[in-house]
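**Q** Here is how the chains run, residue by residue.
There are 2 protein chains.
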Amino acid sequence: MSTGHVVTALRLGIETPNEAHIFMHKDFHVCRAEGFAARSSLVVSHGRKSIIATLYHVTSDLVGPDQAGLSEWAWKELQLGENGQVAVSHAPPLESLGRIRGKVRGNRLDATALRDIIDDVGAGRYSSIHLSAFITACAARALDYDEIRDLTRAMIDAGERIVWNGKPIVDKHSIGGLPGNRTTPIVVAIAAACGLTIPKTSSRAITSPAGTAATMETMAPVDLDLATMRRVVEKEGGCIAWGGAMGLSPTDDIMIRVERVLDLDGEGQLVASILSKKLAAGATHLVLDLPVGPTAKVRSYEAAQLLSDSLVEVGRSFGLVSKAIITDGTQPVGRGIGPALEARDVLAVLQGHAMAPADLRAHALTLAGALLELGGATPDGGGVKLAAECLASGKAWAKFQKICEAQGGMRTPPVASYQRVVTARTSGLVERIDSRKLSRVAKLAGAPDDKAAGVELHLRLGAPVSRGEPAYTVHAESPGELDYALTYVASNPDIIGLARA
Amino acid sequence: MSTGHVVTALRLGIETPNEAHIFMHKDFHVCRAEGFAARSSLVVSHGRKSIIATLYHVTSDLVGPDQAGLSEWAWKELQLGENGQVAVSHAPPLESLGRIRGKVRGNRLDATALRDIIDDVGAGRYSSIHLSAFITACAARALDYDEIRDLTRAMIDAGERIVWNGKPIVDKHSIGGLPGNRTTPIVVAIAAACGLTIPKTSSRAITSPAGTAATMETMAPVDLDLATMRRVVEKEGGCIAWGGAMGLSPTDDIMIRVERVLDLDGEGQLVASILSKKLAAGATHLVLDLPVGPTAKVRSYEAAQLLSDSLVEVGRSFGLVSKAIITDGTQPVGRGIGPALEARDVLAVLQGHAMAPADLRAHALTLAGALLELGGATPDGGGVKLAAECLASGKAWAKFQKICEAQGGMRTPPVASYQRVVTARTSGLVERIDSRKLSRVAKLAGAPDDKAAGVELHLRLGAPVSRGEPAYTVHAESPGELDYALTYVASNPDIIGLARA
Chain A
989 MSTGHVVTAL RLGIETPNEA HIFMHKDFHV CRAEGFAARS SLVVSHGRKS
1039 IIATLYHVTS DLVGPDQAGL SEWAWKELQL GENGQVAVSH APPLESLGRI
1089 RGKVRGNRLD ATALRDIIDD VGAGRYSSIH LSAFITACAA RALDYDEIRD
1139 LTRAMIDAGE RIVWNGKPIV DKHSIGGLPG NRTTPIVVAI AAACGLTIPK
1189 TSSRAITSPA GTAATMETMA PVDLDLATMR RVVEKEGGCI AWGGAMGLSP
1239 TDDIMIRVER VLDLDGEGQL VASILSKKLA AGATHLVLDL PVGPTAKVRS
1289 YEAAQLLSDS LVEVGRSFGL VSKAIITDGT QPVGRGIGPA LEARDVLAVL
1339 QGHAMAPADL RAHALTLAGA LLELGGATPD GGGVKLAAEC LASGKAWAKF
1389 QKICEAQGGM RTPPVASYQR VVTARTSGLV ERIDSRKLSR VAKLAGAPDD
1439 KAAGVELHLR LGAPVSRGEP AYTVHAESPG ELDYALTYVA SNPDIIGLAR
1489 A
Chain B
989 MSTGHVVTAL RLGIETPNEA HIFMHKDFHV CRAEGFAARS SLVVSHGRKS
1039 IIATLYHVTS DLVGPDQAGL SEWAWKELQL GENGQVAVSH APPLESLGRI
1089 RGKVRGNRLD ATALRDIIDD VGAGRYSSIH LSAFITACAA RALDYDEIRD
1139 LTRAMIDAGE RIVWNGKPIV DKHSIGGLPG NRTTPIVVAI AAACGLTIPK
1189 TSSRAITSPA GTAATMETMA PVDLDLATMR RVVEKEGGCI AWGGAMGLSP
1239 TDDIMIRVER VLDLDGEGQL VASILSKKLA AGATHLVLDL PVGPTAKVRS
1289 YEAAQLLSDS LVEVGRSFGL VSKAIITDGT QPVGRGIGPA LEARDVLAVL
1339 QGHAMAPADL RAHALTLAGA LLELGGATPD GGGVKLAAEC LASGKAWAKF
1389 QKICEAQGGM RTPPVASYQR VVTARTSGLV ERIDSRKLSR VAKLAGAPDD
1439 KAAGVELHLR LGAPVSRGEP AYTVHAESPG ELDYALTYVA SNPDIIGLAR
1489 A
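Chains A and B, in that order, give the protein sequences.
Heads up: the first sequence begins at 989 in this note's numbering, then just goes up one per residue.
Heads up: the second sequence begins at 989 in this note's numbering, then just goes up one per residue.
Repeated chains share a single entry, so a pair holds when one copy, or any two copies, can fit it.
Result set (DSS-like, lysine-lysine): computed pairs, CA atoms no more than 30 Å apart in a straight line: (1) 1390 <-> 1223; (2) 1425 <-> 1285; (3) 1425 <-> 1037; (4) 1223 <-> 1373; (5) 1014 <-> 1064; (6) 1014 <-> 1285; (7) 1014 <-> 1037; (8) 1014 <-> 1425.
Source of the hints: derived by calculation from the structure; they are not laboratory data.
Chain A with its partners taken away, still in its complex shape (with noise of 0.2 Å):
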C-alpha cells in the first residue's frame, strides 16, 4: 500500500505548466480497488523522484488496461525515459490546505504557514484549484506588512539565490501591462557605462507580445547559465539575460499564471511576487516603474502609490533600497510592438538617431537616473543629467555593445518579410490610442514567436491626422499571419480613435 501499485508510464506529449496530470482507463482494476476518483491526488514516483498529480479518467483505448498516461511536466519531473515504470498512490492529505480554510475564516497565517504553503507549492502538491484558492484567500483577507514579509521570504527559499561580491547590486522592475515600454537594455547600458553593477534578469512574454528577454534575443544570446552570467556581469558590470531557468522565486512563475486565468492579484501577493524575484537575484537597490493608464495593470494613481508604499516598506525589511516611480501608461512606449521592433525602437535610442522616439528616450532617463542617485553614482538631483551625458557620448551604447559581445555576440534584429501599412479612415487629433488591441494584431501576426513579427506605430496621442495617412504598419513573416492579423484590424476600427480636429 505505502509504496502503491507499478504501472507503465506513458508519455501522451499533452503540456500542463507546473502542474502533474495522469490519465488512467477508468475500469482500470487500480483505479476501482483504490477509489482512484476523478481529479483525485495521487503520488508518483519513479525511482527517488516523487510528484503529485491530478488523476484524469480515460474511457477510450488512449491509455491500455496497465498504463498511466503522464503529462509533459510530470514526465519530466520524474525523469522518466522511454518505457519507464511509475508507482502510483493515493496523496496524504495537504495539510497547508488547512492553513488556507483558516485564513478563509479571518485567521492570519504565519510564518510556518506559509513556508508550508510554498512548500507545498513548490513541490506541485497544490492543483490550479488549490492555488486559486490561496490567491483569491488572500485578495479577500489582504495580507498585512508581515504576511506580505513572510511570504516574500518563503518565496526567495523555495528556490536558488543569486550572490554577488560587493554592493551595491542595482536592478529595475517595470510593473507590466504597457507594449513597447523596453526601457531595460538602455537602462542597464548606463547603469554599467556609469560603474554601477546591474545583473538584470527578466522573462520571455506570456500573454504580451514581446518582453524583454525576447528583445534583447534579437540583438544577443540571453540563455545564459549562471556562470556565464556572473562572467558578463564581471567584466561589464550587467548584463540582461533570461531569467527563467534560474529556478528564482519558481513558486511566483507557478502562482502568475492562475492569477492571470483569473486576472486578480491582490497587493500583497504582487509585491511578494516582484520582491522575491529582485531579492533572489541578488539586488541590494531598486528602481520600480509604475505605469499608470486605463489599459496598464495599475490604473490609478492612488492605487499605484498604495503599491508603491507597500514594495519600498516590505523591501526595507530585507535591507533592499527602493524607489518606486510612478509614470504616465496611457499609450504604448516607442513605436514598436513586438521583438524585433521594439529593439530597433531600444538601438535607435542608444545610437542616438535624430528620429529615435522621445518618449522611450525620456522614460529610460528617468529611471536610469532614478537608479544612478540610487546605486550612489551622483548626488540625489544629478541622476537625469548624468544619464543624458552617458548616452550623449557614446558611452552608453559602446557598453551595450560590449554587454552583447560578452553574451555571445551582437546580432541585427530581423526585419519582417510581409509589411502593410494601416492607414487613417478619417482625418483629426488621437484621442486614443487602444494598447490591448495593438497588442493582439502584433500578436495575431506572430509575435512574439516571429521575432520580426509586430505592428510599428506611426501616431501619438494628441497628433493631427489626415485621411489616407499611415497609422501603424503590420508586420510578418508569412502571408497568412499577416492576413490574420489585417482581419482583425478591419473588424476593429477603434484601435485608433480620433476627434475631429
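Dock chain B against chain A, hints included.
**A** Below, chain B alone, put in the same frame as chain A:
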C-alpha cells in the same frame, strides 16, 4: 474571425466532468497565429451548440496538425458525431468574473451578479480555477441572508423544476459524512404509508462507499425518468429515485466537485446547495438531519445550530417549511457500510427483525416522526409514536415493497463471494471507531461499484470485546480487492480504538 477557425474534432475519451478541455498541437498554425496560449479559454462550436473549453498544448502526435482533441464532456455537450468539425476562437471576456473580483474586495453580490455568475457556471464557461475563486471568495467574504437567497434562486433557475399537484410535498435531507446513515428508504416508506407525498431524489456516492441511490438500487431500479417517477409517486405516495439525470440544480453538482477538492464550502454555499436541490424537486416541507461528530461534515453543535438557523430562515423565504434535527454522528449508523450491506440493515428494520440495528431504527423514527408532524399527518408530539406503530404493524414494510414494485420490481441485495473476519487484537472497551478509515476499507474492497462489497461492523462504541473476537467483516467480490482491503487493515491497527476494560 468571429466564427473561428474550422478544425477536425478528435474524440480523446478523457473525462473532465462539467468542464471542457481542448487539446491542440502547439505548432498548429492556428494556435500560433491566434495566440492560443496554454490554458486559454476558447469558444468551440459545432452547428448551433457552443461551449467554452480550456486549451492544453500537445507536443506529441496525440492530435494531428489540424485537429482539436476534445474531452468527453466537450464531445457530448457539442453532440458531435464520429468525424465532426468544430470552429475555435478566443472566448469573450468572462464579464461575471468582475463581480467575483468585486466580492473579493468586499462588495456585496446582488441578484443580477449571482444570476450572471450561475449562468456562466451552468454554461460551462467557468474553469475549475474560476470556480475555486468563486467558492473561496464566498467563504472568505461570508454571504449574507439576501445573498444566500439570491444564490439559491439563481441555482434553482439554472435547472429543471418539478411541479407536483397538491400539497404538502415532504422531503428529508441528511448532511453527509456518516457511513451507514441510510435512513431514507425507511423514512420514505413510513411517510408514504401514513399518507404523505414524498418524491425523494438522491445522489449516487462520489467519494463515499455507498449513497442512498446505490443502496436503493440493490433493492429496486432507481434510474427513473420524470414520467416514471410521477407515476410511482401518484400510485404509492413516495419513491426513492436517482436525481442525477433530472437536471435539478445542475450548477450545484458542478460546484460540489471543486468544494470537495478544497474541503471547503462556506455556510452560505452549503445552504444554497441543499435548498436549491430540494426546492427544484418541488418540496414544500423538509426535515434536515445534521449529524455532529469528529469525522462528520458538521463537527460542533454550535456550527450545527448556525447552519440549521440559516437553512430554516432562507428556506422560509421560498415558502419552504423546514425543521433541522441535530443528531449524534460519533460512529457509523447500523452495521453495514457498502450498498448491499446497508440495504440489509434497512430491510431488517423494515421487516422488524429482532436483530435489526437499533440505532438505525431509532434514527429513522426520529426523522420520520418529525416529518409526519411537519406534513400534518399527526399533531406535534405524536410523530415518533405514529412512525413506530407504522413500522411495527408492517405497514411501512408493505409500502416499501409496493414502491419497489412500482419502480420496476423488488430485488434481493447481493451477497459477496469473499468474506474475511477481522478480529480484535486485544481485549477492552470500544472507545473510538474511525468512520473515515472504515469507509476506506469498504472502498478498497470494491464499494460502491461492487454492490455487495463493503464492511460489516460487529462492535459499537462502549461495548466490551475480548482478544480474538470478531470486530468487523470485510466483504469483496474478488480475491484481489479483498487483499487490498486487508493490506490496508493490517497497516492501520487504529481503526477500532480500545480502552482497557
